[in-house]
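Trainee: Assemble the whole structure, with the sequences as input and the hints as a guide.
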Amino acid sequence: MIRLTKQQILLMHKELVAESGGDPGLRDEAMLDSALNAPFQTFDGDPLYPSLQSQAARLGYCLIENHPFLDGNKRIGAHAMLVFLTLNGVELQYDEQELIDMILAIAAGKKNYEKLLEWVGRHQNSNENS
143 MIRLTKQQIL
153 LMHKELVAES
163 GGDPGLRDEA
173 MLDSALNAPF
183 QTFDGDPLYP
193 SLQSQAARLG
203 YCLIENHPFL
213 DGNKRIGAHA
223 MLVFLTLNGV
233 ELQYDEQELI
243 DMILAIAAGK
253 KNYEKLLEWV
263 GRHQNSNENS
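Counting in my numbering, the sequence shown runs from 143 upward without gaps.
Everything labelled a hint here was simulated from the structure, so no lab data went into it.
Quick caveat, the model's predicted, so the values are computed rather than measured.
Any given hint could turn out to be false.
What the hints assert, rightly or not - For lysine to any residue, the following SDA-like pairs were computed, each having C-alpha atoms within a straight-line distance of at most 20 Å:
| no. | residue 1 | residue 2 |
| --- | --- | --- |
| 1 | LYS216 | LEU234 |
| 2 | LYS156 | GLU207 |
| 3 | LYS216 | ASN267 |
| 4 | LYS148 | ARG169 |
Mentor: Written out as structure tokens, the structure is:
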């Protein structure tokens, strides 16, 4: 499994806000660390998020919810989730508006982690067995 590093997330965020606008600053480094570590937590030696899909959904969700950046938290949450999946061989098929609607619903508190995980599962290529 390929994990995204903190440096990679910071660079991705900087590039996202340079392309689409906003402040590239970090608001809370501890909240960023928390979001990056949450998908890989264990309890009694067992992963809390055992699948790539659950790890990706937790990563995206935590980046959105933790608001570690001054701006662009929704964008980096969605982007990091998709990049993590792609790096690990999981491709999603969706239209852009579906993704936007899901991410905005999470940010508004209308959808939770479980709903994002369901969304990932529904949009995964059917020929993948991850």
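Trainee: For every hint, state whether the structure bears it out.
Mentor: Here is how each hint holds up against the structure:
no. : hint            : verdict
1   : LYS216 x LEU234 : holds (18 Å)
2   : LYS156 x GLU207 : holds (19 Å)
3   : LYS216 x ASN267 : violated (24 Å)
4   : LYS148 x ARG169 : holds (14 Å)
In summary, the structure is inconsistent with hint 3 from the numbered list given earlier, while agreeing with all the others.
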